[in-house]
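Based on these hints, arrange chains B, C and D on the given structure of chain A.
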Amino acid sequence: MRDEVIITGIGGQGIQLMAKTLALAATRAGLQAMLASDFGGEMRGGPSQASVVVDDQRLRSLPILPAASSVVLMHHKHSEFALSRLVPGGLALVNSSVADPAAIRDADVVAVPALDIARAADAPNAAGFVMLGAYMTLRRLVGVTALGDAMRELVPPYRAQHVAANLRALEAGAGAVFAA
Amino acid sequence: MTEVPRLVARDRPELILGDHGLCPGCGEPVALRILLEVLEELDIVRRSIGVVGHGCYGSFVQIMDVEVLQCLHGRAPSCATGIKRVRPDTVVFTMQGDGDMVNEGLQEVLHTAARGENVTCILLNNGVFGDTGGHQTATTVVGQRTKTSLDGRNPETHGYPIPVADLVASLAGVSYVARGAVSTAGGVARTKRMLQTAFEHQLAGDGFGLVEILTMCPTGWFVPAGSGPDYLTGSLEAAYPLGELSLRERA
Amino acid sequence: MSRGTVSIDVERCKGCDLCVQACPPKVLEMSVAVNEMGYRYPILHDGCTGCTACQLVCPDFVFKVFRFDSR
Amino acid sequence: MTSTAPARQLLDGCAAITESAIAAGCRFFAGYPMSPFTGLLENMSRRLPEVGGHCLNAESELEAVNMALGAAAAGARAATGSCGQGLALMQEAIAELALNELPLLVVNMARNQQDYFQATRGGGWGDYRTITLAPKDVPEAVEHTQLLFHLADRYRAPVILYGDPLIAQTHVSVDVAARDFDPLPPKDWALDGTSGGTGHSRQIWTWAMGKVSAPGPGPDRHWRAVAAKFDQIAHDEARSEAYRIDGAETVIVAFGSAALFAEHVVDELREDGHRIGLFRPVTLWPFPAADLAAATRDARRVLVFELNAGQMLDDVRQFAHDRDTVRFIGGVSIHASGLSYGPLLDVAPIRSRILEAVA
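Chains as they are written, first to last, in the numbering used here: chain A, 1 to 180; chain B, 1 to 251; chain C, 1 to 71; chain D, 1 to 359.
Hints in this document: simulated from the structure, not taken from any laboratory.
Just so we're clear, the structure is a prediction, and the values are computed from it rather than from any experiment.
Please note that the accuracy of each hint is not assured.
Stated by the list, open to error - Listed below are several chain D residues computed to face chain A (Cβ distance under 10 Å; list not exhaustive):
hint, residue
1, R8
2, V172
3, S173
4, S257
5, E263
6, L345
7, D346
Said to hold, decoys possible - Each pair of labels, with its calculated beta carbon distance range:
hint, chain 1, residue 1, chain 2, residue 2, range
8, B, K147, D, A234, 38 to 46 Å
9, D, P219, B, E40, 26 to 34 Å
10, D, G199, B, S170, 41 to 49 Å
11, D, V212, C, K26, 34 to 42 Å
12, D, G218, C, E36, 23 to 31 Å
13, D, P215, C, E36, 21 to 29 Å
14, B, A238, C, V34, 33 to 41 Å
15, C, V34, B, G133, 22 to 30 Å
16, D, A88, B, Y160, 29 to 37 Å
17, B, K147, D, G25, 49 to 57 Å
18, B, P224, C, K26, 17 to 25 Å
All C-beta atoms in this analysis are idealised placements derived from N, C-alpha and C, irrespective of residue type, glycine included.
Just chain A, with the same shape it has in the complex (with noise of 0.2 Å):
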C-alpha cells in the first residue's frame, strides 16, 4: 500500500496544514509518512504546495516528486506542477468552488464544491478539511477520526477555537464523496 500525493493552492488556504494533518495520522496509525513542503516567504497569498507520501513499509521517497498518484488541488493557480506529475488516470479532487474540474485532462477527476461545503457546516474557513475529508473516503489511508486527532494536535492553542469547525468539515468531505 502506498499513497503519493500533491496537495497544492494558495498560501493561507490551509495546504500546510492538511498535509500535516495526513502525514501526522498515517505516523500515528503506525504507517510511514513523508511530508515534503514548498511554499515562499509570505505566510499568505503565493503559492503554495505540499507533497505527502504515506507507505506501509519502509518508505523511500524522494522529496521532489517525481510522479504522484493523486493531487489535491484547491485553486487552479499554482496546480501546474502537481498536474505535471499526475500519473494517467490518477485522482485529481478539486475544489470546484473555486477551480474549473473540466479544464483537466488524462485524470479520474473527482470534483468536491469544498467552499460551499464547507460554509454549509458552518466551517467557512475550512474548505481545506472538506478536501481532506473526501480524500480519505476515496482513498481510505486513516479513518476520519484519526485525522481529527492529528489535526487536533496540529493546532496551536491561539486558534484552539477552529477546531470544532474543522472537525465538521473534515466529516461533512468525507460524506460527500462516494468511494470506488
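Here is chains B, C and D on its own, set in the frame of chain A:
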C-alpha cells in the same frame, strides 16, 4: 628591645609560576598579580577559569596557575559565555587588551554585557597594540603618537577613541563597571579592590562585570620605562577618568 | 631608624625605575652596577617604612616587604 | 521533563536532528538564524531548556561558534550550525577548535551543495580537516548526528553534518533513540576550574606551550601531532555507499540529496537496460578515495552530479581509477528565492544529462 621583621607583602602570589618576558615598566604584570591575589583571597582558585585573548598578556597563560582557555582575538566574552553556561559553579573571567576587546571584539563584549552573562571581563587598556610594536587601537587617545598615527591621533583622519567601559555601563544587565590604573601604588591598591568587588558580584550571581585597567606601555608609547606612569596620567587617564561607573537602572 | 625593610631580588629586576618614583620616603635609589641581564636595580637606604608601595607598582615581582614589630 | 522523545514521531529534519542530538547528550547549542538552518535553532531553543541544556540565539555566527567552543572546552557535548556565508564566518573558529583538539558538531544546513569546498578543505588557518558527513535523507541525518558526536569526542575534533533544505524541511516518520557506541575516554582535558593552583592547571591553547612548571609540546610538535591525527582519520573513517554498481559501465558520483535523486534515476535506467550504478561518498571528508577507485575500476565513464559548478569533482578526478573517464554533469541551480535548489535537482533533468553523457 629586639626587632623582628614581619612579612607584610609577598613579592608575588604562588599562583605566578615563573618569570614573564614583558618589557621594563609594563603595567600588565601588575594587573596579573593583583588579579591572582584576588582569586586567592576570595578562595576561588580551584573553581576559576580564565579566558585569555591575544596581546602581550597572552604569554601569562604559561605562568598563571589557573585553568585557561586561550581563545581567538576578540572572542573571549563569547567563549566565557559558553563555559559559564555549562559550568555555572565556576568563576569565569576574561583577560583582554584594548586591541582584543575594543578593536577586534567590541560586539562580543557589548552583547555579553547586554545579555547579563554572569562573567567578569578584564580590560588591560594601554591605548596601543604593544604586541605588534606600537600601533593605533580603538582606545588610542587623541594626540597620542603611534606607528600608524605618527603625528598623533588626529580625529579628522583617525576618528575618536571608544570609551568601552562607558558603553558597557549604559547597558542593562550589567552589575559592575569600574576603571582603575596601575600607575601608582594607590592606584594598584584601588584597582585590586575593584577586581575583588567585580568577582564578588559574579559570586552573588548579579550579572556581567567589567574592570578596565589602564596599564603602562612605555615601549609602545616610545617613552622611557620610568616615564610610563606620568604619560598614562596625562593621556589615558585624562581621557578615561578613574573610578566606579554609575550603572543604568535595570528594568 | 627604619620601621620596615624590603628584600630585593635584583636578578629579576628590569630596571624600570617605577619603585624609586613610587617610594614615599624616597629611600630607594637605582644602582650604578647592573645585574646579569644588564639592568640597574634598586638599592635600599635607611628610612623604609614598610609601606609596600614599591611592591605594589613593581612589574617584575622583585620586592618582599617587612615591618619591624617591637617586643 | 523528558530527555528522550517518544518513539515514532513525524519530524522535519531540523526537529529530528535536534532530538537525535539530545539523545546523544548534546546540552549546549548556539546559533544565528539563517534559512534553512533557522529551523534547527528554533527546535534547539525550545527543546534544550526542557532537558536542562542551554540554547543561545547568538548575536552573530562568530559569537555562536565561539560560545560553542567555550562550552566544548568546558566538557559539554555542544553544537552550532549555519550555512553558506554563515559557515564561512565560522571557519576561523573551526580551525581553532581543530588545533585546540576540541570536539564540536557543526550542522551546516546548507542552501545547496556549494559549501562542499568550505566543508571539506578546512576553510580556516592551519593543517586540519573536518570530518564531514552528508546524509541523503532525514533518517540518515538522525543516524549521522549521533555518529558525529561520537567521532568528535573520539578524535577531539570539530565535525560537520552537511544537510540541505530538503533535509531541513522534509517531515518523515522517525524513531529517535540513543545509539550505542564504543566507550570514549574521559574528558580529563576539559576545563572545570579544579586544577587551579596545582602547578599544572589545565590549559587549552593552540600553541600547546603548557605552563613554565609543566611545559607542553609547543606548536611545532603539537601541530605535527594534530596533522598526523587527521592522516589517521583519513585512513580509518572514510565511508561510502555503492548502489547497483555491479557490472556498471557508467558510475554516477553524487552526495547528499543529489544522491537520493540519482539513486532513483539509476533504478529507472537499470529497468531500461542500462548498466549504471551510483557511488555515494557518505563522508565528504575523509573522501572515500580507495572505495571510489575500486568502484570505478571497470567503469567506462564516471559522471559527477552535484549542485554546484564542480567542487567534489576535484576529489573524484583525483581518486577515480582513471581520471580521463570523469565527466561533470552537475551545475549551479538555485531556486528563485535563493534559499534552495533550482530545477536541476529533479529526476527528469538528471536522467537526461546522464543519457546525453552515455550516448
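> Is the interface hint for D:D346 satisfied, with its Cβ closer than 10 Å to some Cβ of chain A?
Replying inline: 6 Å, holds
>> Assuming the hint says 33 to 41 Å, is it satisfied by the Cβ distance from B:A238 to C:V34 or not?
In response: 35 Å, holds
> At a threshold of 10 Å, is the proposed contact between D:R8 and chain A supported by beta-carbon distances?
Replying inline: 6 Å, holds
>> Restraint: D:S257 near chain A, CB-CB cut 10 Å. Satisfied or not?
In response: 7 Å, holds
>> So, as I understand it, the hint says D:E263 touches chain A; can you test that by seeing if any CB pair is closer than 10 Å?
In response: Holds. Min distance 9 Å.
> Is 41 to 49 Å a correct range for the gap between the Cβ atoms of D:G199 and B:S170?
Replying inline: 42 Å, holds
>> Less than 10 Å between beta-carbons is the criterion; does D:V172 satisfy it with respect to chain A?
In response: 5 Å, holds
> Measuring from the C-beta of D:L345 to each C-beta in chain A, is the shortest one below 10 Å?
Replying inline: 7 Å, holds
> Regarding D:G218 and C:E36, is the given constraint of 23 to 31 Å on their beta-carbon distance met?
Replying inline: The hinted range 23 to 31 Å holds for D:G218 and C:E36, with Cβ atoms some 26 Å apart.
> Could one say that the CB atoms of B:P224 and C:K26 fall in the range 17 to 25 Å?
Replying inline: Because 19 Å falls inside the window, the suggested range holds.
> Is 21 to 29 Å a correct range for the gap between the Cβ atoms of D:P215 and C:E36?
Replying inline: 23 Å, holds
> Does D:S173 pass the interface hint, meaning its C-beta sits closer than 10 Å to a C-beta of chain A?
Replying inline: 4 Å, holds
No hint from the list above goes unmet by this structure.
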